[in-house]
Amino acid sequence: MAEKIGKHIAIYGKGGIGKSTTTSNISAALAEAGYKVIQIGCDPKSDSTNTLRGNNYLPTVLDSLREGNKIHLEDISVKGFGGVLCIESGGPVPGVGCAGRGINASVSLLQELHLFEEFKPDFVLYDVLGDVVCGGFAVPIRDGITDRAYVVSSSDFMALYAANNLFKAINKYAPTGGAKLGGVIANSMKPGYHREIVEDFVEKTGTSIAGYVNRSIDVQQSELYGKTVIEAKPKSAQADIYRNLAKYIAGNEDLVVPNPLGAAELKEWARDWGDRIYDIENGVVSVAEAI
Amino acid sequence: MSEVIKEPRNGCALHGALQTVQEIKGVVPVIHANAGCGVIHYLANKGTSGGNSSYSGLSIPGTAIQERHVIFGGASRLREQIKNTIKVVKGDLYVILNSCESAMVGDDVDAMTREIVEQGEPVLDTLVAGFNGGPYYGYEHVMADIFRTIDGVKPSEKKTDPYLVNILGIIPGKDPYWQGNLEEIKRILEGIGLKVNVFFGPYGGVRDLINAKNAALTINFSRWGELPARILEEWYEIPILQRPSLPLGTEQVLDLATAVAETIHIDEERIKSFFGNEEVYENDLLLRAREDLIEYDNSQTAVLVGDEEQVIRLGRFLNDFLGKEIKAVILTDALKTDEEHVTDNQELLKEITDSIYITSDQKKIEDIIRSEKPEVIFGSSLEKRIANRLEIPVVETSYPVFEKLILNKADAGIRGTISFMEEYITVVNQYEAEKRKQLLSYVKGEKGGKLWQEQSQKRSYSKKLTLVTQSQTKESLSARM
Ligand SMILES: Nc1ncnc2c1ncn2[C@@H]1O[C@H](COP(=O)(O)OP(=O)(O)OP(=O)(O)O)[C@@H](O)[C@H]1O
Ligand code: SF4
Ligand SMILES: [Mg+2]
Chain U
1 MAEKIGKHIA IYGKGGIGKS TTTSNISAAL AEAGYKVIQI GCDPKSDSTN TLRGNNYLPT
61 VLDSLREGNK IHLEDISVKG FGGVLCIESG GPVPGVGCAG RGINASVSLL QELHLFEEFK
121 PDFVLYDVLG DVVCGGFAVP IRDGITDRAY VVSSSDFMAL YAANNLFKAI NKYAPTGGAK
181 LGGVIANSMK PGYHREIVED FVEKTGTSIA GYVNRSIDVQ QSELYGKTVI EAKPKSAQAD
241 IYRNLAKYIA GNEDLVVPNP LGAAELKEWA RDWGDRIYDI ENGVVSVAEA I
Chain A
1 MSEVIKEPRN GCALHGALQT VQEIKGVVPV IHANAGCGVI HYLANKGTSG GNSSYSGLSI
61 PGTAIQERHV IFGGASRLRE QIKNTIKVVK GDLYVILNSC ESAMVGDDVD AMTREIVEQG
121 EPVLDTLVAG FNGGPYYGYE HVMADIFRTI DGVKPSEKKT DPYLVNILGI IPGKDPYWQG
181 NLEEIKRILE GIGLKVNVFF GPYGGVRDLI NAKNAALTIN FSRWGELPAR ILEEWYEIPI
241 LQRPSLPLGT EQVLDLATAV AETIHIDEER IKSFFGNEEV YENDLLLRAR EDLIEYDNSQ
301 TAVLVGDEEQ VIRLGRFLND FLGKEIKAVI LTDALKTDEE HVTDNQELLK EITDSIYITS
361 DQKKIEDIIR SEKPEVIFGS SLEKRIANRL EIPVVETSYP VFEKLILNKA DAGIRGTISF
421 MEEYITVVNQ YEAEKRKQLL SYVKGEKGGK LWQEQSQKRS YSKKLTLVTQ SQTKESLSAR
481 M
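These protein sequence lines are chains U and A, in that order.
Per this note's numbering, the first sequence starts with residue 1, numbered consecutively.
Per this note's numbering, the second sequence starts with residue 1, numbered consecutively.
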């Protein structure tokens, strides 16, 4: 592959964990800071860039592929807030076809259309759906398409489980030129022991935390207006949280190959935390003591 | 660890299913795959014996699916293809063959088929993804699926015919002599008063598929018919007569007739008179070949290469009838472990030889032949290379056979005994003749040739000499004048 134009970042995480919200706010914050940004939604739902473009209609890459006509960049991209170039890969209707192959095909197509040479981005963010269920979904971290991945996770076990799966994929592909991990974005953080759980997990897996994002009503409100927090509530504390996160990600060159936990190890670790949480909830010990 | 197979002779499940339905008259295959799947099958078989059936190669309807069908699903492309096929290609039954792509993408072909059947069209589908197995898998599964669904597509009342038998276990094309062999089995069974569903070739067709449920017995001539035979047994209570191979020679055929008579009542007198006539015919013809038979040294040792059924059929015949020593048999279809089938021919194979190999790797096959040092090979055209090196003849009895057209010649049954002997003796005679010719040309071209060359050189030298002397004479003459 030719010299990469801009930093290419893949964002993974369990379904519904806040990937699209977080990615869009990072894109918006980077654009606000003067960078040229592309955000590519790698998800058949094609809702990744909604809040960047006010929920306006955008034909997906695969829609145009399905039609079989000659595809032009203008047809499948639109500039959203702060000039962020929004692209949705799209995919088949649920239950039909192969979405994994779809992501593969649309990423190749974007390369064929010389997207990066034309737009010359500083940052390209790939918002990839759900878990790394098969080879298709690992495409953005394979084959040198991105060189860094972040994973959005809460302190919920299933979210960390998905993060651990991504670590496995990174672990597999990094030695052959795949992406490395930039860190874990701890989303929807509530007060209490939640931070500690995520912190313990990153320590065990030899990774780090890129930033903490609180659970906030601002996020939901902005979403309802079809906007990012950066655009809708630029003065809010939540906007600053996203700005800081964006700044960290823009500058972070500390990329690692994680050590995912084995299945038994992960279960053991979770059970251990289950006991501690039980003690905390029942007032047996304080948070500090439990940790 | 998987290993590389050199020059494999077997295609994939889709190919097995395709060559099976291609030979059923009235069936139109529809391949749901990318374009290469059908074409590669066509190209692989183009040069082999037997020619092509009505729907072959580029004329087979197919979806030729592309990347967008993988991503968005190929079911609607298939619907379009079936509808168009029904419009332009007349058939009694349309069989959709699902490939690897279709299986991986998970196209709901069953639902699609149901939709079209509800519109009154005779369509059924089968999943024969290449990654599921070889052509044998394809044969078994397409036949099983046909028997499972044909009654829903072509309904008819079940009326058991006490004299009707189904013939299974012979894969069209995988046995180069399949057509002749089926005809011969049909001739024999009809000769003793039965009716036969052969399914394939000019005597078969969709009618046989519909009638299969009315049979009184299914005779399965190899392990590869077990699954469809079992379906007929479970669904229609048709008993199975499992045979290790097609019969070859009167004795084997009589043995088959006796086994059939255990289930179906056959008139003894009829059997007697049929075999009486057959014996006279066979003896009469083989008598004519007695000189060749006597002249040819039958003690020559042999190696057999081919599918299990062929190896058993020929092995027993060569052993029992010709008293030949079989040094080894190489089975090109058997699986190292086969949990799907109950057939176990170990004992039978051991009676033929102690050296039993299972491989379709040409390198290994050649190595085995080299180490066994046979004097003749019964195998496919692929064995010609090693045969040439070892300077021994090959009698082509198994797939693939190149440079030879085999339409209805048989190497099973009673007539098949005669044509097998014809073929065997012809090959050996031609081989001997070729060897003699080579020897002669060697003597002429090399040794004798040198002598001749030297002499002819001398001759031309002396010619030149006389010319020179003549001209000198002329010169001296003129000088003198
Ligand atoms: N920090 C937060 N505070 C409050 N709400 C949040 C936060 N992060 C995400 N959400 C809400 O959670 C919901 C799911 O978020 P989002 O669509 O970004 O998740 P996702 O990981 O992209 O989901 P999917 O896997 O379906 O693509 C949204 O309604 C969003 O507004
Ligand atoms: S193995 Fe699969 S892809 Fe290959 S020819 Fe057979 S069905 Fe087609
Ligand atoms: Mg999303």
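Careful: at least some of the hints might be erroneous.
Incomplete in silico selection of chain U near chain A, CB under 10 angstroms [unchecked claim]:
#1 I71
#2 G95
#3 C98
#4 A99
#5 R101
#6 V257
#7 A270
#8 G274
None of these hints come from the bench; they were simulated from the model.
Every residue, glycine too, gets a C-beta built ideally from N, C-alpha and C.
Could you tell me which of the numbered hints above are not met by this structure, giving the numbers in increasing order? As far as the earlier hints go, 1, 6, 7 and 8 are violated by this structure, in ascending order.
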